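Participant: Listed here are the chains, written in short residue letters.
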Amino acid sequence: MSRPRVIPGFGLSLGFSVVYLSLIILLPLVALFVKAAGLGWREWWDLLSSPRVLAAARLTFGASAAAAALSSVLGLIVTWVLVRYTFPGRRLLDGMIDLPFALPTAVAGITLTTLYAPNGWLGAPLQQLGLKVAYTPIGVFMALTFIGFPFVVRTVQPVLEDLSRDTEEAAATLGAGRWVTFWRVVFPALLPAMITGFTMALARAIGEYGSVIFISGNLPMKTEILPLLIVAQLEQYNVPAASVIAAAMLIVSFTLLLVINLLQRWLDKNQQR
Amino acid sequence: MSISIQSIHKSFGSYLALDDVSLEVPQGSLTALLGPSGSGKTTLLRIVAGLDFADEGRGKILFHGENVADVPAGERQVGFVFQHYALFRHMTVAENVAFGLNVMPRHRRPSAAEIDERVKELLHLVRLDGLDRRRPHELSGGQRQRVALARALAIRPKVLLLDEPFGALDAQVRKDLRRWLRVFHDQIGLTTLFVTHDQEEALELADQVVVMRQARVEQVGPPQEIFDHPRTPFVYEFLGNVNKIPHANGEVRYVRPHEMEITFAAEYDAARDVLADVTHLFSAGPVASLSLRLGDGSLVEAEISRKQLEELALSVGDRVAVRWP
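From first to last, the protein sequence lines are chains A and B. Those letters in the first sequence? Residues 941 to 1213, by the numbering used here. Those letters in the second sequence? Residues 2 to 326, by the numbering used here.
Possibly wrong hints are sitting among the right ones.
Derived, one-sided and incomplete: chain B residues facing chain A with beta-carbon distance under 7 Å [as the list claims (entries may be wrong)]:
1. F13
2. A50
3. A70
4. V72
5. A74
6. F81
Listing some non-contacts, in silico: residues in chain B with all C-beta distances to chain A over 12 Å [stated by the list, open to error]:
7. R47
8. R152
9. V253
Quick caveat, the hints were computed from the structure, so don't treat them as lab data. Nothing here was measured: the structure is a model prediction, and the numbers come from that model. Every residue gets a Cβ at the ideal spot worked out from N, C-alpha and C, and that includes glycine.
Chain A extracted, bound-state conformation (with noise of 0.2 Å):
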């Protein structure tokens, strides 16, 4: 078992681990799901069963889905600007890219709001052409979307330079046009990354509460999102109720996340170097 090692301190850096994700991390999520369990199976159904709480569950999980979609491939399009073309400008753009990172969420959600607001700038021509983007889920959508990208960004970004032209070079001398080399042999080199990048993406906007709570407007049934649900019932001093969404909510996420996890597992094993 204990074996020399060359860099020594396996006891004590598992120790300092352990005793971390069980404080920070599982302590709170056990404690989460005690108070959940304070009610029992029937309010469970009742509450998350209800209209409201199911309208809010496929706005965000919907949303969030198709705003990690929507990332990755913009994501890639930037990733493969900022990797392979050299322009003036470029690292400052290569900076920007993490801004969404650093903005707190509450600033971007008022911007976008302002922005695509019926009187905005963005809002009211696009009012005129009869697209609403404030207050609708199309909304919540471009505000996750804005959130996710970075992700998807940096994720791809170390993998697309890493990947060398000889494999482009031999897929065309081997009379493969453009298309086909991007779809056979860049592109699934480049997808276990986009996958890791669409799962962070996902991570973060099923559980993004500032941004969009602004530009959705929260109107019942239509543009709420869960933690806004979950909020709203503390507010009304309901805890085990908010416990009940917010484990229902850790429950669909950890599922999701093992799911993408377990596809990139297989992908991994198809494809190593």
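On the provided structure of chain A, position chain B as indicated by the hints.
Facilitator: Chain B only, in chain A's frame:
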């Protein structure tokens, strides 16, 4: 299919990579582009492949008399093998080899059964039978390079281009694969152009060696001729060890270590010999190599057979008589 390269120029910004390069690669030959890094040899190979293009309006690349200078890589029908294999990691060996056939336009593409058959044939040709379901990361370097070769051959290329094909392999595999490639080439008879910076490799493998230096072709010829009659001091020095011996009239003589003849100091003949001291002796190999200090203090290298070394019973510090042609 012969390749004819006619006065190709290539510059990258202000850097001149190829300066009026012309070259004939005869049909069915195995030609080596040999030179130090930065001599332009890889750029030339890439231009022949269509992966780079020569400066506009200057020079031609003829495949069997037909100018292909403006034909894109995918339509030139060249087999290209990269130094680092460039295999498709997410595909099996068989999928890699079949790639060029699978991406053909529908009307030219062979049927799935024909493709399978062809892949099997090719894997047999490069001696990789039974590895078709493996993935590149499960293969050794030498095996990967043979997969890359099979993949390049799948499209029935008109010419085969190899960019430092053995560069990433270790010494033993390198030697084996090199001998195998020579036999393989004679078997399939495809016009082949390969790039190397290793003179031993070029001399052993090629029918024709093209020595390049600083964006220009320095000398072209069969290995023997290039080795025995280098046209410039650069070629002399680049093709293996050489002693530079200054003569009284200011000229420099180039003498290869194996051309140095060594006898006992007692047999010294002032008319043709020079006296020298043995300063270093290395005999762990088929030939023994000696460092000698001449009368003027300069050091030269000599190579003699192990047998001769034993007859002379030399050791460091001994004085010998040396002569050269």
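Participant: Look at each hint and say if it fits the structure.
Facilitator: A quick look at each hint next to the structure:
{"no.": "1", "hint": "F13", "result": "violated (14 Å)"}
{"no.": "2", "hint": "A50", "result": "holds (6 Å)"}
{"no.": "3", "hint": "A70", "result": "violated (16 Å)"}
{"no.": "4", "hint": "V72", "result": "violated (12 Å)"}
{"no.": "5", "hint": "A74", "result": "holds (5 Å)"}
{"no.": "6", "hint": "F81", "result": "holds (4 Å)"}
{"no.": "7", "hint": "R47", "result": "violated (8 Å)"}
{"no.": "8", "hint": "R152", "result": "violated (7 Å)"}
{"no.": "9", "hint": "V253", "result": "holds (42 Å)"}
Hint violations for this structure: numbers 1, 3, 4, 7, 8, all remaining hints satisfied.
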